[in-house]
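Peer 1: Sequence:
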Amino acid sequence: MAPGGPVPERGDVGDGMRDLPAHGTPAGSLTEGLLERLQSSARTPAVTAADGARTPAIVFAATAERAAAGLVRRGVHPGDVVAVLAPPSPDRLLAVFTALAAGAVVLPLVEGDPATAAEVLTTTDTRMLLVSEALAPDALALADRSRVRQVVAFGQAPETTPFDELLLPGPEGAEPDRAAGEAGCGLLTYEADARSVRTAVHGQDELLGRFRALDAELALTPEDTVALDAAMAEPEQVVLAAVALWSGASVVASLGAPPSELAALGVTVQGSPAPARIG
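Sequence positions in the sequence shown follow my numbering and run 3 to 281.
I should point out that these hints are in silico values taken from the structure, not numbers from a laboratory.
Note that the coordinates shown come from a computational prediction; the quantities given were computed from them, not determined experimentally.
No residue lacks a Cβ here, since even glycine has one placed at the ideal position from N, Cα and C.
Check each hint, because a few of them may be wrong.
Stated by the list, open to error - Derived CB-CB ranges, DEER-like:
id, residue 1, residue 2, range
1, Arg200, Ile280, 29 to 37 Å
2, Pro58, Leu170, 20 to 28 Å
3, Ala232, Arg56, 16 to 24 Å
4, Thr118, Thr223, 38 to 46 Å
5, Gly268, Ala143, 35 to 43 Å
6, Thr223, Arg56, 14 to 22 Å
Starting from the given sequences, assemble the full structure and let the hints guide the process.
Peer 2: What follows is the structure in structure tokens.
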């Protein structure tokens, strides 16, 4: 995951002991205030991939903020649907956080069922799709079958816009509209059977309510490392990641990793079957 620039300053942490405040929750949305909170701390939580590649959380949050401004410059408005197609990974989590920070409704797509994905993209009038490099051909095929007009890919993939271009500086006034975004953003999930495809929007009130519940239940600290899990519903994964980062805990975004790998990464909280401490 390329941050596209230098790591932001942490602020005044000269005594080396300035930690995250013990209490508080995001203001208005899951992403609002996360970067500022991390900048005010001497702690160094991270988002880690299956291969152990580690991205400092402050870089992750700064990248999401800068990329969100890039989405706005490319025409994403509060409440627009932005789809994400990527395997379980830090890139998938970054794409979701970026779209939320832009005030969008995020539509995480399920791999392996292109007909249903194309139907959902069409019925939700999705025009933007963020995709991992390996799945770029699948995303382009979905764009041909729907109203998607922009495909943004991590890495370099033909016929797509590189994600790093979202990080380039833009004109003044291209920042996300926070007030409108807080009202409009959320997560959109879907399920299909032989008769129909059903969608559900999980808005900010629902997501923040679940955030507060998990925050109180898990009482995470900067010493914790949280592993997401493929068995969890997408909104639960995203909220759990937000709770962890807000608390200064690290996140392992290698969903489905075996217990031996999780232990080697220092995991203390596992996401499935329900978020809970290990041992």
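Peer 1: Is the gap between the beta carbons of Arg200 and Ile280 within 29 to 37 Å?
Peer 2: 34 Å, holds
Peer 1: Regarding Ala232 and Arg56, is the given constraint of 16 to 24 Å on their beta-carbon distance met?
Peer 2: 21 Å, holds
Peer 1: Given the hint of 35 to 43 Å, is the C-beta distance from Gly268 to Ala143 inside that range or not?
Peer 2: 39 Å, holds
Peer 1: Quick check on a hinted range of 20 to 28 Å for Pro58 and Leu170, using CB atoms only.
Peer 2: Holds - the Cβ-Cβ distance for Pro58 and Leu170, about 21 Å, lies within 20 to 28 Å.
Peer 1: Could one say that the CB atoms of Thr118 and Thr223 fall in the range 38 to 46 Å?
Peer 2: 41 Å, holds
Peer 1: Is 14 to 22 Å a correct range for the gap between the Cβ atoms of Thr223 and Arg56?
Peer 2: 19 Å, holds
The structure meets every hint from the earlier list without exception.
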